[in-house]
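2 protein chains.
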Amino acid sequence: MSTAEREVASGLLERMRALGRAARAACDELGRVSAEARTKALVAAAAALRESRAEILDANRADVAEARTRGLSAAMIDRLALDEKRIEAMAAGVEAIAALPDPIGRVIAEWERPNGLKIQRVRVPLGVIGIIYESRPNVTADAAALCVRSGNAVILRGGSEAARSNAAIHACLGRALAASGLPETAVQRVPTQDREAVGILLREMTEYLDVVVPRGGKNLIERVQRDARVPVIGHLEGICHTYVHRAADLDMARRVVLNAKMRRTGICGATETLLIDRDCVATHLPAIAADLIAAGCEVRADADALPHASGAKPASPDDFGKEFLDAIIAVKVVDGLDAALEHIRRYGSGHTEAIITDDADAAERFLRELDSAILLHNASTQFADGGEFGMGAEIGIATGRIHARGPVGAEELTSYKYVVRGSGQTRP
Amino acid sequence: MSTAEREVASGLLERMRALGRAARAACDELGRVSAEARTKALVAAAAALRESRAEILDANRADVAEARTRGLSAAMIDRLALDEKRIEAMAAGVEAIAALPDPIGRVIAEWERPNGLKIQRVRVPLGVIGIIYESRPNVTADAAALCVRSGNAVILRGGSEAARSNAAIHACLGRALAASGLPETAVQRVPTQDREAVGILLREMTEYLDVVVPRGGKNLIERVQRDARVPVIGHLEGICHTYVHRAADLDMARRVVLNAKMRRTGICGATETLLIDRDCVATHLPAIAADLIAAGCEVRADADALPHASGAKPASPDDFGKEFLDAIIAVKVVDGLDAALEHIRRYGSGHTEAIITDDADAAERFLRELDSAILLHNASTQFADGGEFGMGAEIGIATGRIHARGPVGAEELTSYKYVVRGSGQTRP
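These protein sequence lines are chains A and B, in that order.
The opening residue of the first sequence carries number 274 in our numbering; numbering runs sequentially from there.
The opening residue of the second sequence carries number 274 in our numbering; numbering runs sequentially from there.
Pulled out of the complex, with its shape left as it was, chain A reads as follows (with noise of 0.2 Å):
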């Protein structure tokens, strides 16, 4: 490295460290408001979003008119682009979130000790939260908006592809805070899109990010775990299966799979490979492989499968464990739920699966010896969302073990701390 070059790198470490310093600052403020004042700034938030449409469009027009100059996926630049529809989408949300219970300082267990001492577990922020996310500019907003519910400060780090529209609406939620009474500085934004500031954010901030959560693809997850001296909420790839048992009704079954699969593709809850017990390929494969088919779904079946599957390929042994996010599906006949379970357990993710079954017996057995984050009985993967549980909003599927695990949302974006109230006691 150059004289010069380490000065500027310096540089950035102490800019970075800047953002630290505010984000602390701030979510001490923000953890202590009362609740109505976080509130108040979501509710404000929206407001902002929805008057300052027509500047967060210009932004995101020459966004994406430098990503097809780029030369970016069609996919990509849809993922970037906004309208007027998607900004309302993005307001709706924040407002949303607003409505959501406030966590913080919210008892969550309480109990009596023999000796008299009364302790509480007592809901607290998590602290500093960064967020490393890709493309689609409402995560700024979405992230944002959550940690703020939490107590939580953020520093948020997007993709460079979408800097000019993250960054006009970054504005319209810093002058929200300020006009709320509440610090600007609760929501920031790291102001380059240098990529060693990623680097320091992972590395160089232990003292004042409390958690990374990455969200993007299976690269940004991957450099994240390795390189983070910070604890990391990571959310890998949902290679999600269904299954279909041989009890299972043949309607139901069509339904739950087709909607698994072909509701939306490029979600993570999306069902990736349907298993099918030997005994029911005959009777129920058939209809499932022609409506995947006539929705536009290309069937990749195994040679046990493939008579059973007009219009299907033969899959290849690299189709299992894929996950394709696209209008894909890989088909395999198994020998009743234990092959069914093992084929889980060796290519599954952890994210999400679901079994079709009409035998109480066999779908007990199926939630209970698996051990994904989350298993349904008759029921679409694609419920795999934090909306869907009830959470109003979420920041990602956990696919780790530790802390939070499947649909991440404001509560799941807490710690607890321990209350004790006595009388004089002592430790005998």
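In case anyone wonders, no lab produced these hints; they're calculated from the structure.
Since we're looking at a predicted model, the values are computed, not measured.
Heads up, the beta-carbon is just placed ideally off N, CA and C, and yes, glycines get one too.
Treat the hints with caution; some may be incorrect.
Here's a subset of chain B near chain A, in silico, CB distances under 10 Å, partners left out [as the list claims (entries may be wrong)]:
hint, residue
1, R343
2, L345
3, A501
4, N532
5, S653
6, R674
7, I675
Fit chain B to the supplied structure of chain A, relying on the hints for placement.
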């Protein structure tokens, strides 16, 4: 590195990974058996410790003899040495853990969605836990028992000074598991004192370890937090404060402060700093200081406190924010509650703090506005202990904010999964 060294290193890596694979298989089995099976194995383990006390004492004598020739401190040798009484306490501790309610499979929360989906949050084991600890051989039994209670497999890495003692204790646990029909590999011990094994545990076993728990001094914890590529539940130092507010009852303040400092000085919940209001320093400090000094405590008082603490020495600025773990206490006069809060925020380690006062409003502000893991009103900081909280046993007091905070018992060594029961629901 020479070729020979590289071969040794790669041999060690392979042996460590074999431990990891065995642990993963064992935890699948351990989490699936009944609570009764885990209880039975723990009862058998307690019996095995009692039956094998001659072997354990022999092994311990050899460890202690080597420690003496290596010139270890008297305090370290005291932590290392076992006798009949300590072995009985260890066995009784394992029995107490066997008597704890089994957390696995318990429904923590359940609710129904408007679409009829029934959602349950169910406790599951964390998976495989690595425990890295120093000196005291009883940690081998305590930590292993807590992990078995919570359905986790554990890989233990104790200090080299206790290697023979730990091996003897571990052998008992393994025999008891096998005799109870559970996998012996649910509790494994790193079979070498090679220091590189710790590095492998922290960095090279991400696919086999779900969390690492370090137990020991500051250097160990910091090394683990710096190097770990797996989540860490850390137990940092306890710089605990007791604050005598101007409305404190003098008699209660004397009893509680004496206990908070002197009951046991070497534990993380021992008070290290006494804060006292200027309004009551003349009335309260003389007796409090006299009690401490009479009990053999060195009192280091700031300039404002010194005239009121006969026999005290002047404190240096370094004495504040220091974990003495010894019969030493720093004393500072503060100008009321806000100054006390500010001092604790600046110098505390977020572990445990107490306020002594008869003023309910002051107490509530202290409990609400501070953010340590444990906050007490009118009780001794020495209550910072899983047993005293009613958890039966603990693996330590977590000072981080992620996953668990405060005493970590069997319940805190679990994760959860969502079980969703439907009747054919699809997502609109």
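Return the status of the interface hint for N532/B: holds when the least beta-carbon distance to chain A is below 10 Å, violated otherwise.
4 Å, holds
Given hint S653/B near chain A, where the shortest CB pair must fall under 10 Å
Constraint on S653/B satisfied, holds at 5 Å.
Given R674/B as an interface hint, is the shortest Cβ-Cβ distance to chain A below 10 Å?
With a minimum Cβ separation of about 4 Å from chain A (threshold 10 Å), the hint on R674/B holds.
Evaluation of the interface hint that places I675/B against chain A, nearest CB under 10 Å:
Constraint on I675/B satisfied, holds at 4 Å.
Double-check R343/B for me: the hint is only fine if its C-beta lies closer than 10 Å to a C-beta in chain A.
This interface hint is violated because 34 Å lies over the 10 Å limit.
When the nearest CB of chain A is found for A501/B, is that gap smaller than 10 Å?
9 Å, holds
Is the hint on L345/B kept, meaning its closest Cβ partner in chain A is under 10 Å away?
29 Å, violated
Of the numbered hints given earlier, the model fails hints 1, 2; all others are met.
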